[in-house]
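Peer 1: Chain by chain, the residues run as shown.
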Amino acid sequence: MVDVKEQNDIFGLIGRKLKRKIECFVIGGSAMMYYNVKENTKDIDIVFLNEKDRTEIENILRKEDFTERNTRFLYHRKKNVPILLQKYDMRFDLFLRDIICFWLSDEMIERVEKVYEFGDLIVKIVSLEDIVLLKCATERAGDRADVKEIIEKVGIKWDVITEEVVRQTKDREIFSVFLYDFLMELKEDLKVDIPKEVIKKVRTIGEREMVKRLGK
Amino acid sequence: MKKCIDLAEELKGLHTLETIQKELGIKRNTTIKTVSLLRKEGLVETIGGGRKKRWYRINTVPFRKYGNSGLYDMLNKYSRIKLWKPYEHRIFGRKMSVEEAIVRAVVSGRIRTVLVSLDLFNHVKNWSRLYKYAKEYDVRRKIGALYDVSRTKLKVRRMDERIRSKLLKSKDKSKYIIKPFKSKDFLEIQKRWNVCVPLNKADLEVYDEW
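Just so you know, the sequences run in chain order A and B. Just so you know, this note's numbering puts the end of the first sequence at 216, numbered straight through with nothing missing. Just so you know, this note's numbering puts the end of the second sequence at 426, numbered straight through with nothing missing.
Just so you know, the hints here were simulated from the structure itself, not pulled from any lab data. Don't be surprised by glycine CBs; every beta carbon is placed ideally from N, CA and C. Treat the hints loosely; a few may be bogus.
Unchecked claim - Partner residues are not named here, just some residues of chain A that face chain B (Cβ under 10 Å, in silico):
| id | residue |
| --- | --- |
| 1 | 4 |
| 2 | 36 |
| 3 | 40 |
| 4 | 117 |
| 5 | 154 |
| 6 | 158 |
| 7 | 182 |
| 8 | 183 |
| 9 | 187 |
| 10 | 195 |
Modelling step: build the complete structure from the supplied sequences, incorporating the hints.
Peer 2: Here is the structure:
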């Protein structure tokens with residue numbers, strides 16, 4: 001497990017080793033720590049916008065004795081999987097714009113709420129709404145509990161979620177169907193208070209998109 | 217702590233002392249004590265004070281700030297005009313100087329950020345450092361032009377002559393601070409520096425309020 005101090009230390013180390021400015025986006029539990037919703041995380045999830053930046057960070061981590069792990073156990077039969085690098089109990093998941101069935105849209109980039117500079121490493125923390133959406137995409141153990149924490153402790157803007165679902169569903173996988181399942185599980189199993197209208201809206205978007213695609 | 221979180225949940229949002237008092241139905245002194253308790257747990261952030269009305273932002277998760285002040289904190293600290301932060305900017309492992317804040321405000325490409333940054337010229341202590349950052353971000357002539365603009369309205373320290381001549385001799389790739397804006401008023405400054413200043417005289421009138 002990694003806490004916020006350890007995370008800042010490793011970002012600082014990477015920032016000192018870089019020779020040019022590199023931007024990345026922190027998602028998942030690592031981002032939640034900066035919102036004080038979580039104390040520690042299993043892995044540090046980072047998204048890059050281009051391969052060159054990812055390779056540069058990967059090389060630095062490899063020089064720091066991080067070794068590659070197989071993605072098969074964590075992301076079984078999923079596409080757009082990250083590069084997993086691990087050292088002791090610290091693990092980095094390095095994504096490239098696409099995160100499983102989700103992608104980092106321009107609107108998500110605009111919604112970034114925190115920008116932290118560690119030397120030449122510029123870390124952008126995605127908004128809480130986007131953390132929820134990304135948790136639905138990765139669907140790992142503990143993701144539902146994390147989303148429950150966010151909704152109950154801080155609260156989120158549901159209209160941002162529904163707008164982004166429409167964007168994500170366009171010409172890609174029917175993300176709204178995954179989100180609908182995810183929200184229903186949260187509501188029924190974890191008794192999270194999710195507005196009925198939101199679930200209805202996500203369901204409608206999913207149904208409409210499925211009809212459209214089956215008709216093609 | 218549990219009691220405080222329950223209280224914070226009840227009061228979540230932006231408040232004045234009076235609204236808290238009204239919401240909880242308690243005396244003024246008890247309200248001050250309650251806010252103090254919440255602050256100890258890190259659940260309150262205070263905005264304003266002094267001549268302005270004091271606001272309390274109450275949250276259910278503790279407010280924690282990591283790293284050192286970033287661009288917007290620096291601008292709000294040193295400028296009389298305050299800026300709404302589009303995002304929280306923090307710097308780790310070092311501290312941002314006033315000189316760096318001016319240069320980065322110019323690079324930001326936001327009109328209000330540029331306007332607010334004019335007040336920081338009076339806090340510049342190290343003109344060589346300002347030149348160093350201006351060179352790094354390729355905005356040397358722009359910084360020179362904005363310095364001259366700030367001197368037309370604000371009380372600003374005199375710039376080191378050596379730095380001024382270095383800035384005048386330099387070449388920037390683009391002549392626009394914010395494309396495609398140029399001023400109708402500061403024609404002489406624009407000509408001297410070969411830079412398009414995005415501000416008019418009327419824009420600087422916000423400083424008259426102070």
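Peer 1: The structure should be examined with respect to each hint, and the outcome stated for every one.
Peer 2: Tested hints:
no.	hint	result
1	4	holds (7 Å)
2	36	holds (4 Å)
3	40	violated (14 Å)
4	117	holds (5 Å)
5	154	holds (6 Å)
6	158	violated (17 Å)
7	182	violated (23 Å)
8	183	violated (22 Å)
9	187	violated (21 Å)
10	195	violated (17 Å)
The structure shown violates the earlier hints numbered 3, 6, 7, 8, 9 and 10.
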